[in-house]
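Student: If you want the building blocks of each chain, they are given just below.
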Amino acid sequence: MIDAPRGAGQVTPASTAVLHAVGALALSGAVLAGVAVGPVDVDPFAAWSAPVDDPAHVILFRARLPRVLLGALVGGALGLGGAGLQALLHNPLACPHILGISGGAALLGIIAMIVAPLPIVAALGVPAGAAFAFVPVAAFVGALGTAALIRVVASASGRVTPHTLLLTGVVFNSFAAALITFINSLSDFYRSHGILAWVVGTLVVRGPAWTWAALATLVVGLVLLAATARDLNALALGEEGAVSLGVDVGRARRRVYLAVAVLVAGAVPVSGMIGFVGLIVPHAVRLLVGSDQRRVLPASLWGGAVFLVLADTAARTVLGATELPVGVVTALCGGPFFLFLLRRQGRRELAV
Amino acid sequence: MRVEARRVTVRYGAREAIAGVDLQVGPGEILGVIGPNGSGKSTLVRALGGLRSPDAGEVLLDGRPLQAVGRRERGQVIALVPQETHVSFPLRVRELVLLGRSPHTGAFGWETAHDLDVARRAMERTDVLAHADRSIDELSGGERQRAVLARALAQEPRILLLDEPTTYLDLRHTVLLLDLVRDLCREARLAVVLVLHDLNLAGMYCDRLALLSQGRLHAHGTPEEVLRYADLCAVYGTDLYVAPNDVTGQIVVLPLPARLQRRPGGPEG
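Line order of the protein sequences matches chains A and B. For the first sequence, the working numbering assigns the number 10 to the initial residue and increments by one for each residue that follows. For the second sequence, the working numbering assigns the number 262 to the initial residue and increments by one for each residue that follows.
Just so you know, the hints here were simulated from the structure itself, not pulled from any lab data. Even for Gly, the Cβ is constructed at its ideal location relative to N, Cα and C. Check before you lean on any hint, since a few could be wrong.
As the list claims (entries may be wrong) - Beta-carbon label-pair distances, calculated as ranges: (1) G154/A x Q328/B: 29 to 35 Å; (2) R267/B x A187/A: 54 to 60 Å; (3) W371/B x T331/A: 47 to 53 Å; (4) L34/A x Q328/B: 45 to 51 Å; (5) A30/A x R447/B: 47 to 53 Å; (6) P326/B x R353/A: 42 to 48 Å.
Unchecked claim - Listing some non-contacts, in silico: residues in chain B with all C-beta distances to chain A over 10 Å: (7) G310; (8) P326; (9) E334; (10) L432.
Unchecked claim - Some chain A residues close to chain B (C-beta under 8 Å, calculated; not the full set): (11) Q19; (12) T21; (13) N193; (14) N242; (15) A243; (16) A245; (17) L246; (18) E249; (19) G250; (20) V252; (21) S253; (22) L254; (23) G255; (24) G259; (25) A293; (26) L296.
Just chain B, same shape as in the assembly (with noise of 0.2 Å):
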């Protein structure tokens, strides 16, 4: 399936936090979305999973407009990893993940083996399944992350929205789960939108990517396209580091700091 923004704004109060953003991904594609704090990231994310409609332009899904999507349906197909998750009770692993499936059993329906089978191969993907009976309370961030992403995988959705899901995790555990996302994208054809702060890892999972800056679509493409010295410093706002790494010619971004600034403030400071 295929998830589309078409010029979409959302207002909080009187502040755009996302404005005019003409976006589109599709079966088997990763789309990253970069940009700094604020640009608008979070709300893009929201308003493609249909927890916000926007204020102006639409959000379409297969060409129909996802608020015209059912809530159910809309369980069904999109599911969303969020920075964090707080869970108000001490739910075991277990249960989170078969939470996935509410949208397919329906406000009285009793869990049937399919769902605990799907449930299982979930969290045998995301490597919870050792944990299945321990409480959340009781993970480790890498732990916890893994098993929501279980959680979103139970959904069996055909579009998956991870918002920046490596926050707190550490070098292995950032890799294992990006090489997991892209597996699952590449082998079940999901649509993948997922928002990175790293811009390196942005660069290395990617196939297209988007640069918001003050809720604006600043520039749109391929990682080569999109990861320029230019670009990078007008928008973030510090001189930085670009450049093709010398093994796989990946593009590396790196901060600088202020006493090795060619331009603070970017190219035109």
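This is chain A alone, in the form it adopts within the complex (with noise of 0.2 Å):
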């Protein structure tokens, strides 16, 4: 018999829960911290059962708890996305972020964001609120259509390396964000400062509405990728490798595109650019649950959800009272972890 060491045994619905199970309680404790921590220490537990206008009551309910869920929900789909991506172009390296999925995204985000209270929507009878709800429609429109720019670009000399894919990716996102920042000198000083932090990437509580959406878009993109996890199991061999397991590459690549594209059109909206959270979290995931892709995608899920919440904890209180973008946080993580994976995949790319 085939004796499976701990960890990486056969994927069963049995396996899946209890990964679930995990990850669901690993987040219970990144949120228990995240809701805890900050310029006042709270006590979650005191704070829950509080009377409505206790301040430990208000800051929970009012100031830290939709933060962190809002930080949960993002990260999700940022692990979620990374590892749908890195499985999709069988290359480690892939996220969002990196491939400028997320540029496109905040670019046509924060287009849709300037126009929408602009006298012109209103006079053509658009109500103010619903003018906002087109920020993330914009920004699937911006995802999708980064995606498949970047494809036909990248597409154009033929065969699509990995690398290629890559640095069309780079350059779109140096360009996305020399528009963003164009579009920022145009702007008042007020706006300004927002447009900045989408760059940067921080999370925004802009209210519950907009929370809903993350979390739809964090579903509809887990059971899209859960669908295409098998397949992008089979896509290890390569396209041809998965074309003879009678995998529909095709059908395979619209799938992850369009659920990279809805899980970003969630997040940008309240987050921004925040980057390095799709590339870091994968491997971490794929280091404690091997590379089947039906336990590499959840628990990417989970452990972006706790990865994010964790920085941004970290990013409200290590300076005190001065509050830090948790893209700088992911950054300063993601940064130096990205030069360690370009090495050893050049070293894995050596040996093979």
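Combine both chains into one complex, guided by the hints.
Tutor: In structure tokens, the structure reads:
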């Protein structure tokens, strides 16, 4: 019989349930830590049952919990999206941010956000609240458009090598960042501050509707990717290998890009361009659960949520009262990690 | 099952990689495909495996056009061992082999005890069971190629296509792998297409040979009919030694260095 080591055995409905339970437990721990720590320390359990006008209760429910839950949703979306892209592109260096998909989403999202309050929108008969609903839609179009654009440009040379794709993404990212900065220069000071936060990446609690939208996109993205997990496993053998196993590679690719665009569209309007979560998390997860995408994808969801909640907690607290954008924390962790991966991948390719 | 190429032409841009090739292979038979570099061997295998649909002509699976066969069914029937397998994540051998079950389990399916058993037997057969929990990256070239073959066997195919499976193998592992392919072909009545660079191995293991030259079928028949001095020298463009050996009577083909060539560039040259 095959004696599998612990944590690397067969993927079964039971093992998947265990994985989700462990993930939920870890996230609960991170959330508890996240709501407890801040300029004022709060005992979450005491605050939960405190009267509604108690300061601790107000801090917990008005400030900390919405922020922490939003962080969990955004982190989960980015971790999941990164895992899906890495599997699709056979490239451990891929993530929505590096490929420029976040950049595309942010660009159109910002344009929508600037256009929404303009008098012309109201003049067209669109209520102010509804106008902002177009921001996630614009972000979705931006994300999907970027994915398509990157593919077209990268495949113009014939074969799409993962490196071409990454390079195209990096260039597109700079281009999007330049346009965003340009728009930023045209805006007034108050709004320009908000735009800067988008570029670096920071969690912005805009209201329950935005959080629900992030949750909904997370669910859609998860379902799409879960339906593609087995195909993504086969894609580890390359496109032809997957085709010879009966996989519809075109369908798998469309699903992953759609899923990533949906995930990014939910995350970017409330967090901007937070980098490296989608890069780091799937790697850490693969070390723990192996390479089967049926485990990597759900574990990246939970892992991303935990990572971003902790990173945001650090961002809120390390400088005392001054708050760091969480994108600074993730980039400080992710930059060196990217270089480490690049070095290791170079070695692996030389060895093959 | 029987796979058949009927006047198959595949173009890459304006170049015809194979042109008007007629071939077929049935249960319990090994068809060897030989020819110089760029003669279209790999393209033929890809066309037979449904990875590339022909630009003209058709590939038939038991008389049905391969393009009309669903992806999953094709994956259940035809297995392909490519020349080299680059795996983008360090899968364990067991995970790699279990991928061979995916055409049988479907998109949401979990592997059943039966799937695990098939995978285990495939690994046993190719002698990689001891490596089941090792990462592909840790394996030697020979172990890796056997693991890839185990993946193909786990598909429980009726048709097995192998594209130069012995390129990275030493002599012992070459013989082990080809012996295994022949045993499988005879026992399980697989139809096997085997691309080989080594003409001596091709003559030794194949029931019939197809000699490709610039995308066309130059000669086709038993090894004795195909491994002929004039044909081989013409197709490979170099003078060769071609004669039966005195132990088995099988034909031996040896390249000759330029200084020993009697007719440089082949019989016509």
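Student: Less than 8 Å between beta-carbons is the criterion; does N242/A satisfy it with respect to chain B?
Tutor: holds, 6 Å
Student: Quick check for students: does the CB of L432/B sit more than 10 Å from each CB in chain A?
Tutor: holds, 23 Å
Student: Was the hint right that S253/A lines chain B, CB cutoff 8 Å?
Tutor: holds, 4 Å
Student: Hint G259/A vs chain B: min CB-CB distance below 8 Å?
Tutor: violated, 11 Å
Student: Non-interface claim for G310/B: all C-beta distances to chain A beyond 10 Å?
Tutor: violated, 6 Å
Student: Double-check E249/A for me: the hint is only fine if its C-beta lies closer than 8 Å to a C-beta in chain B.
Tutor: holds, 5 Å
Student: Taking 8 Å as the limit, does the beta-carbon of A245/A come near enough to a beta-carbon in chain B?
Tutor: holds, 5 Å
Student: Taking the closest Cβ pair, is V252/A under 8 Å from chain B?
Tutor: holds, 6 Å
Student: Is the hint on L246/A kept, meaning its closest Cβ partner in chain B is under 8 Å away?
Tutor: holds, 6 Å
Student: Against the range 47 to 53 Å, how does the distance between the Cβ atoms of A30/A and R447/B compare: consistent or not?
Tutor: holds, 50 Å
Student: Please check whether W371/B and T331/A have a Cβ separation lying inside 47 to 53 Å.
Tutor: holds, 50 Å
Student: When you look at the beta carbon of E334/B, is every beta carbon of chain A farther off than 10 Å?
Tutor: violated, 8 Å
When held up to the earlier numbered hints, the structure conflicts with 7, 9, 13, 24, 25, 26 and fits the remainder.
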